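Engineer: Spelled out, the chains give:
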Amino acid sequence: MPWPGSWKRALDREAVAGWLLAAPAVALLLAFVAAPFALALGLSVTDLRLGSPLPVHWAGLAQYAAILDDPGFRRALLNNAVFAAVVVPAQTLLALALALLLDRPLRGMAVLRTLFFLPVVFPMALVAVVWTLLYAPGPDGPVNAALASLTLGAWTPVDFLHDPDWALPALMVLSVWQGVGFQMVILLAALQGVPAHLHEAARLDGAGPVRRFLHVTLPQLRNPLIFVALVTTILAFRLFDQVQIMTRGGPLDATTTVMYEAVTAVFERQQVARGAAMTVVFFAVVLAITVLQRRLVRERREIE
Amino acid sequence: MGWTVPALAALLAACGGGAPGDGDTARLEAWFHAGRQAERRVMRQQVARFNAAHRGQIRIDLTLIPEGSYNAQVQAAALAGELPDLLELDGPYLYRYVWQGRLRPLEPFLPDGLVADLLPSIRAQGRYRGHLYSVGVFDSGLALYARRSRLEAVGVRIPRHPEGAWSWRELDRVLRLLARRDPDGAVLDLHLDYRGEWFPYAFGPVLWSAGAGFLERPGYGRAAGTLDGPRAVFAMRRIQRWLERGYVDPNLDDAAFPAGRVALSWGGHWSYPRYREAVGDDLAVLPLPDFGEGSRTAQGSWAWALTRRCREPQAAARFLRFLLRPPEVLRMARANGAVPGTLPALRRSELYGPGGPLRLLAEQLRGGRAVPRPKTPAYPVVSTVFRDAFADIRHGVDAARALHHAAREIDADIRANEGYRFAEGGASGAE
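Chains A and B, in that order, are what the protein sequence lines are.
Heads up: the first sequence runs through residues 125 to 428, numbered per my numbering.
Heads up: the second sequence runs through residues 2 to 432, numbered per my numbering.
Treat the hints loosely; a few may be bogus.
[To be verified] What follows is a set of in silico ranges between Cβ atoms, one per label pair, in the way DEER data are often shown: (1) B:Leu80 - A:Pro281: 45 to 51 angstroms; (2) B:Ala78 - A:Leu144: 42 to 48 angstroms; (3) A:Val245 - B:Ala78: 52 to 58 angstroms; (4) B:Arg149 - A:Phe391: 45 to 51 angstroms; (5) A:Pro281 - B:Gly69: 56 to 62 angstroms; (6) B:Pro274 - A:Ala155: 54 to 60 angstroms.
[Claimed, not checked] Over 12 angstroms on every C-beta distance to chain A, these chain B residues come out as not near it, computed from the model: (7) Ala79; (8) Pro231; (9) Asp255; (10) Val386; (11) Asp389; (12) Ala392; (13) Arg422.
If you are wondering where the hints come from, they were derived from the structure by calculation, not from laboratory data.
Quantities reported herein were computed from a predicted structural model and do not represent experimental measurements.
Cβ coordinates follow ideal geometry from the N, Cα and C atoms, glycine included.
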């Protein structure tokens, strides 16, 4: 320890500078993430209703018991789970397929990539309105007409958005269509980062395209794929815009989601405490999924 | 409806209150819904005339608020403690304000004779927990508009009075006969193109006529057993069947009846001027069909209420008395086409008076055929839930399931609000 005093002072100065540099971000995080969440936690143990003349009481866990007992909210949790279970793998696989297709040095490839990315740029509200028209009931609805001609007329027209069995699948298809471009771009970037010499070496070893994909490309894409799946899962749980615009959670709760239930509770029914409890449950679910995914990922890393 | 025009009007109205008044002038703020242009014009003229006649005593500052989000805006203002002195409210939303303790009973400030002159339907809407909280200058109503010649062509009787309304069976037969002669088979317009409040307003009468309703009466404390009871399910299934059989025109262009695509239109009083212009003398005004317990119609419209923030209730009441004078009532009713709200004005109305083409609507309102929408603070929730249920039924979901689901949602809301009980003490309307 040649200069103990100044070393210590330098460390102090660095720590102070570090905190100073981080301060704006930390302040914003506290103000816009931590504080609202703390507020939600606090509100969820009361029975606060906006505009009610009745006094506010401590409610303990009554709001949580009430929402978990509410068939609408349970259906919302189930819908979110089904939506994520279908959309996450479907969207990730489709994004990978598109990325592989578009990862070729062809002329006009930039235009094609732009076209596939385009839906991501559209606001969801616009996409929802356009797809509402596409899903029009009766034989004249574009989707119905397309399915009828594909099946040589065997298709009986469906009122997609108003049929309890079809409404959620219809939202899934549109969500995949709208979101897949984003994942595609990430995977495309990752594909272009796969070192060419690995492919070359594999080819010299006599590996065909399938084996090269399985043993060279996929392992190289592991981290981007995990990232994509994680982001898609979180987005899937945040499902709201399509529901609000296209189905209002109906028919018979077939498309309701946790976000939709929370927003309805607060902004339509003024039940602030109930909505807060829903968002806390939502947070817990998303946190659990994230932790689970990260843990799975870490374990594999250790095996490697 | 345009947003900018009413917003601008509200701004101008808000800025126009700079007249120098001496200390004795009672200044009152009044909020009015920005309805049609003619309605807004009449309201402004009325305020100007009232202010001129009471110079130095009372001054009304009028603010127009866009109709589409009126209730949301007023609720927001209420939470912020910024309500005006006088407030217009849309019919069944009144009770929530009373529950919140925002309004003052009107009886001490209005002469009994004036209250007795109001249409019974307006009194019924304004009276809650033993007090009168709102008075309307006009009321509304529903009718089944028809092209007389088409009904005559299929040889069915044309009812003229609520007592003679078609039963649902008769209407079934009329629809079948009309559809046979119609190129696309769609002969009935239910105004499915409308949004929002139309559905509880227009199809509440179906429930009531079947002996059901939205909530259990008289307490309005529960939907289960009433909204999803066998009578309600039966009535909504009849409507669903008309839809399934293709009798109902989707009316995306709001022109099914004037353009001649349908022979029958389930519509409000506001449709009359347009229909009359398009159809002329061939237009017939029929009562809504009878689903078992007699024909019923909807009622209720914008009405004035006095807030607790008002420090000059006597002055505010003078403005209401002015608005309820027969000539003023008629001016407003002519501007918006609604049913004049007092009996003396009604007698002098060309449209709704004796011999007028819309006398049926007045007869319904006076003769107990009109049922107010549930008088409960839960009404905003009842309304939105019923709209969703109607949409589900319209699109083929089994009526029993849709109504059961709706009743459960409404009851959950009532439970979450402790039955909308009134807070103890003087703050609520129970005083």
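Engineer: Tell me, which hint numbers fail for this structure?
Structural biologist: 3, 5, 7, 10, 11, 12 and 13
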